[in-house]
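**Student:** In case you want the letters, here they are:
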Amino acid sequence: MPSRFRASVPVTDDWAHFDFAIADGVATVTLNRPEKLNPLTFESYADLRDLLAELPHHTDVRVLVIRGEGKGFCGGGDVNEIIGELIKMEPRDLFLFTKVGLSGGDMGAAYLLPRVVGLGRATELLMLGGVIDAATADRYGLVSRLVGDDEIGGAVAELARTLADGPTLALAQTKALLTRELDMPLGAAMELDAMTQALLMTTKDHAEFHAAFNEKRPPRWQ
Amino acid sequence: MPSRFRASVPVTDDWAHFDFAIADGVATVTLNRPEKLNPLTFESYADLRDLLAELPHHTDVRVLVIRGEGKGFCGGGDVNEIIGELIKMEPRDLFLFTKVGLSGGDMGAAYLLPRVVGLGRATELLMLGGVIDAATADRYGLVSRLVGDDEIGGAVAELARTLADGPTLALAQTKALLTRELDMPLGAAMELDAMTQALLMTTKDHAEFHAAFNEKRPPRWQ
Amino acid sequence: MPSRFRASVPVTDDWAHFDFAIADGVATVTLNRPEKLNPLTFESYADLRDLLAELPHHTDVRVLVIRGEGKGFCGGGDVNEIIGELIKMEPRDLFLFTKVGLSGGDMGAAYLLPRVVGLGRATELLMLGGVIDAATADRYGLVSRLVGDDEIGGAVAELARTLADGPTLALAQTKALLTRELDMPLGAAMELDAMTQALLMTTKDHAEFHAAFNEKRPPRWQ
Numbered sequence: 111m112p113s114r115f116r117a118s119v120p121v122t123d124d125w126a127h128f129d130f131a132i133a134d135g136v137a138t139v140t141l142n143r144p145e146k147l148n149p150l151t152f153e154s155y156a157d158l159r160d161l162l163a164e165l166p167h168h169t170d171v172r173v174l175v176i177r178g179e180g181k182g183f184c185g186g187g188d189v190n191e192i193i194g195e196l197i198k199m200e201p202r203d204l205f206l207f208t209k210v211g212l213s214g215g216d217m218g219a220a221y222l223l224p225r226v227v228g229l230g231r232a233t234e235l236l237m238l239g240g241v242i243d244a245a246t247a248d249r250y251g252l253v254s255r256l257v258g259d260d261e262i263g264g265a266v267a268e269l270a271r272t273l274a275d276g277p278t279l280a281l282a283q284t285k286a287l288l289t290r291e292l293d294m295p296l297g298a299a300m301e302l303d304a305m306t307q308a309l310l311m312t313t314k315d316h317a318e319f320h321a322a323f324n325e326k327r328p329p330r331w332q
Numbered sequence: 111m112p113s114r115f116r117a118s119v120p121v122t123d124d125w126a127h128f129d130f131a132i133a134d135g136v137a138t139v140t141l142n143r144p145e146k147l148n149p150l151t152f153e154s155y156a157d158l159r160d161l162l163a164e165l166p167h168h169t170d171v172r173v174l175v176i177r178g179e180g181k182g183f184c185g186g187g188d189v190n191e192i193i194g195e196l197i198k199m200e201p202r203d204l205f206l207f208t209k210v211g212l213s214g215g216d217m218g219a220a221y222l223l224p225r226v227v228g229l230g231r232a233t234e235l236l237m238l239g240g241v242i243d244a245a246t247a248d249r250y251g252l253v254s255r256l257v258g259d260d261e262i263g264g265a266v267a268e269l270a271r272t273l274a275d276g277p278t279l280a281l282a283q284t285k286a287l288l289t290r291e292l293d294m295p296l297g298a299a300m301e302l303d304a305m306t307q308a309l310l311m312t313t314k315d316h317a318e319f320h321a322a323f324n325e326k327r328p329p330r331w332q
Numbered sequence: 111m112p113s114r115f116r117a118s119v120p121v122t123d124d125w126a127h128f129d130f131a132i133a134d135g136v137a138t139v140t141l142n143r144p145e146k147l148n149p150l151t152f153e154s155y156a157d158l159r160d161l162l163a164e165l166p167h168h169t170d171v172r173v174l175v176i177r178g179e180g181k182g183f184c185g186g187g188d189v190n191e192i193i194g195e196l197i198k199m200e201p202r203d204l205f206l207f208t209k210v211g212l213s214g215g216d217m218g219a220a221y222l223l224p225r226v227v228g229l230g231r232a233t234e235l236l237m238l239g240g241v242i243d244a245a246t247a248d249r250y251g252l253v254s255r256l257v258g259d260d261e262i263g264g265a266v267a268e269l270a271r272t273l274a275d276g277p278t279l280a281l282a283q284t285k286a287l288l289t290r291e292l293d294m295p296l297g298a299a300m301e302l303d304a305m306t307q308a309l310l311m312t313t314k315d316h317a318e319f320h321a322a323f324n325e326k327r328p329p330r331w332q
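Residue numbers (the numbering used here), protein chains in the order written: chain A, 111 to 332; chain Y, 111 to 332; chain W, 111 to 332.
In short, the hints are calculated from the structure, not lab data.
Reference excerpt, derived from the structure (chain Y facing chain W, CB under 10 Å, subset only):
id	residue
1	Leu273
2	Leu302
3	Asp315
These numbers were taken from a predicted model, which means no experiment stands behind them. Even glycine gets a Cβ: it sits at the ideal position worked out from N, Cα and C.
Chain A extracted, bound-state conformation (with noise of 0.2 Å):
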């Protein structure tokens, strides 16, 4: 179900380098070679460039979720096919460019990995790449949820639907929010959460919470 704003490159939900599905508002990516810990190639990257230029135009997908077919979500990968290579060699090391001579701080990771576990512990990761536990990870705040092996599938099936279920824009508001207020000073972001706010004031979406709750319903989010 393509949005009328789409332009003349056709919507195709037929990728060759994931498997991808679409069911009940939620769209799966799965990283489909196992047997090399699904590691990203060239191909890979371009497909998944593609698909996040193309869901915003899937009226009918409101969450992503990516996932790793068997015992691992993903490896990493490099344009050479190189870092596949090394991970048959040692499967469980994360965070490991500077072993190939290359730099740490690959693609936003010097970025993102500090506003996220702490300069301490970022730097750590990045110069030594290390492997760390799932414990360690989740200490760090790394992982948003920690479950068992066989509690994963529902888990993420649960948060998917709460996401699906919950209000698009307001939701997506949000992150955004998160995302550019990183890059802001105090002043600057109070006044977009200020006018986001405003703006989500006039949905469809807070008028239907007002009229669910006047009804003693569940909203029935856009």
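Using the hints, position chains Y and W against chain A.
**Tutor:** Chains Y and W in isolation, oriented as in the chain A frame:
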């Protein structure tokens, strides 16, 4: 005891929408609608705005404590008291703006929260609006000190006493630097630190520290 | 072994205000006034400033370790050695500038600390100047690795060895990106990451990684 720099608007201790008291340099605002978990309203916002503009002119106030009557601090608030209504339904639901179709990034939250708990946890809290218990808030760095219900009065009084008995200007400048330097590059921040320190070295408080040190007595801060 | 880009000021290994040694690519500064908990003075600041300007011209130095003689690392410092005096009184009091009527935000602390431990904990530490134990510092992300007193020498030597044996340019650039990207917006940071990575791909170290990989031997980094 208003400052000589106060203009024509009179200083008042008579606030309609919260309790207000000053004792021994410590001003205390008590949100006083415990039956509704002390929600904020248009009126209490306006009173807080004016009080905070006025407090620097109270030369007898060195610390401000904001507390809530009853079992909770403050259930947030809403311009139409909608959130107040919601709170009756589900009193422990924090960060729930997205649940009414509005943005979780309200009043600076999308700016401040990532800088306090990291981007990952801030995103989870503002997007999903879940409840977190006190131990989790402490683990995230969202609280400064975790004390039991029966200890909180004493702990707050002790902290307020420490701050009120401390060197006011040095403490105020430290707080201002922490806030301003979130929005400054490292080089400029170090210049500001150095200028501030040089200025504080000329103050009566720093001279008093020297005098007290030589006379082997505790300093009497201004 | 000074670099050819060194100007007329001679390189020296003879520093008066700390011990200095170079061994196997690892330079070590040892603050050597343990009876005063190794405070910094005007003179040792000046020596550190000049050493840090000179070190990039030592082509045989790849890592700098800064350590303190005796039971503590460094009790801080003060232009008049006032803090040195204080330390005799209360040797474990950290972050105590506010206790002498000065700002807690000295020498970049108000910039750096919130970016390491979050704004809430940084405010508490710089305003109140309390003592925190090693486990708390570890929980806050203020230390990279917590080891016992009798293990620290070995742990430091091992970490210095790992860094000295690593690809120097890649490690240096990773550290530079982490620092610079604290002050850059996301888009610019990703550009800088990409440019840095492209540059490092042209280096001898990255070529050496390929060669070593094909010859199934460990790389010899420059």
